[in-house]
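Q: Listed in order, the protein sequences are those of chains A and B.
Residues 14 to 206, numbered by the working numbering, are exactly what the first sequence covers, in order.
Residues 14 to 206, numbered by the working numbering, are exactly what the second sequence covers, in order.
Calculated directly from the structure, the hints in this document are not laboratory data.
Among the clues, some could well be false.
Given that identical chains are not distinguished, each listed pair holds provided it fits within a single copy or across any two copies.
Here are the computed lysine-lysine pairs in the DSS-like style, where the Cα-Cα straight-line distance is at most 27 Å [to be verified]:
1. Lys34 with Lys93
2. Lys20 with Lys49
3. Lys125 with Lys34
4. Lys34 with Lys94
5. Lys34 with Lys114
2 protein chains.
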Amino acid sequence: MRLLEDKILKEGIPLSDSVLKVDSFINHQVDPTVMKEIGKVLADHYRDKGITKVFTIEASGIAPALCTAQELGVPLVILKKQTSKTLSSDVLQTNITSFTKGTSYELTLSRKYISPDDNILVIDDFLANGEAASGAAKLIEAGGGRVEGIAILIEKSFQKGRNRLNEAGYKVTSLARISHLAKGVIEFCEADI
Amino acid sequence: MRLLEDKILKEGIPLSDSVLKVDSFINHQVDPTVMKEIGKVLADHYRDKGITKVFTIEASGIAPALCTAQELGVPLVILKKQTSKTLSSDVLQTNITSFTKGTSYELTLSRKYISPDDNILVIDDFLANGEAASGAAKLIEAGGGRVEGIAILIEKSFQKGRNRLNEAGYKVTSLARISHLAKGVIEFCEADI
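Based on the sequences and whatever the hints tell you, model everything.
A: Written out as structure tokens, the structure is:
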């Protein structure tokens with residue numbers, strides 16, 4: 014997606030060979046116009062796929078996921094990051110360890126918001142090693158739902174997330190794919206849309 | 014706002030005299046149509062006030078705040094809840110203790126996203142004792158900005174948040190105001206819009 018690549022080149026700050034800061038339009042300040050366009054592009058791509066709900070992981074995925082859900086006319090479900098296991102049969106949980114951030118949490122979904130009738134589009138801001146997206150897919154399937162696809166704003170293509178998700182049978186659609194990152198350097202390879 | 018009150022009566026679960034669960038359309042699953050309407054109503058209310066940015070607190074305020082920012086054509090800033098103090102002069106922080114949730118965190122704002130030219134609309138999902146909203150206002154003012162108003166989806170009017178914010182000089186606009194809450198009981202008083 015050209016608009017997103019241009020925005021990344023203009024405002025993204027490549028801090029190291031693994032960290033790209035996009036605080037000015039995705040993670041801290043959010044550009045509503047860019048999010049609306051992302052929502053339109055993703056909705057167009059998935060419009061004929063029978064999506065019943067859009068899922069995302071709090072907090073940075075909420076804005077693009079909401080815009081996509083609005084365009085598709087389906088509910089959004091925000092998977093919660095909880096610090097501890099919930100002792101209740103009403104929720105599904107899976108432990109996620111983020112190698113990128115060095116954190117660990119229980120990704121949490123209430124059983125009320127997933128059913129065997131659901132065909133889900135998962136949306137997240139970044140794809141690195143794929144822990145969060147894999148966890149989301151695991152919860153959806155534990156609730157009987159189907160994962161139609163995983164859509165990503167910014168994929169770090171030099172990390173193993175996409176391969177790992179593809180090998181597990183998931184289709185990944187990334188709006189921007191970074192092939193090489195270094196302090197002061199951002200290089201793209203061809204995006205999916 | 015009649016639409017929101019109706020939705021609360023239909024789907025909200027009053028668990029006790031202080032806890033209202035709105036997981037089905039605000040906090041876990043999000044209803045994009047309701048959020049869009051909230052965005053329109055809030056944007057109409059603040060359209061002639063010279064709002065430069067909408068601020069919210071992660072994560073449940075993001076959806077209505079993004080929709081309002083989209084309608085007003087201004088950026089959204091998401092204040093972060095960090096677990097520890099950041100040792101950097103680039104960020105503003107204030108400690109928030111939520112009596113409702115029994116949690117404590119450092120509400121965090123990068124100085125890059127606030128300036129003396131800013132006139133801010135703060136949006137949050139709930140107002141109870143006003144700790145989060147007061148903290149947001151404090152950060153905005155520490156960065157030289159002005160708080161035009163604080164807009165709330167659901168105010169627990171029987172708690173002290175509104176009075177506390179009014180006494181500190183802030184205008185509060187609530188879309189639904191709950192005067193009485195008990196297990197199985199929700200009563201409204203007149204909302205601001």
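Q: Look at each hint and say if it fits the structure.
A: Each hint tested on the structure:
1. Lys34 with Lys93: both (23 Å within a copy, 15 Å between copies)
2. Lys20 with Lys49: both (14 Å within a copy, 25 Å between copies)
3. Lys125 with Lys34: Cα proximity of Lys125 and Lys34: across copies only (13 Å, versus 35 Å in one copy).
4. Lys34 with Lys94: For Lys34 and Lys94, the Cα distance is within 27 Å both inside one copy (21 Å) and across copies (18 Å).
5. Lys34 with Lys114: within (13 Å within a copy, 31 Å between copies)
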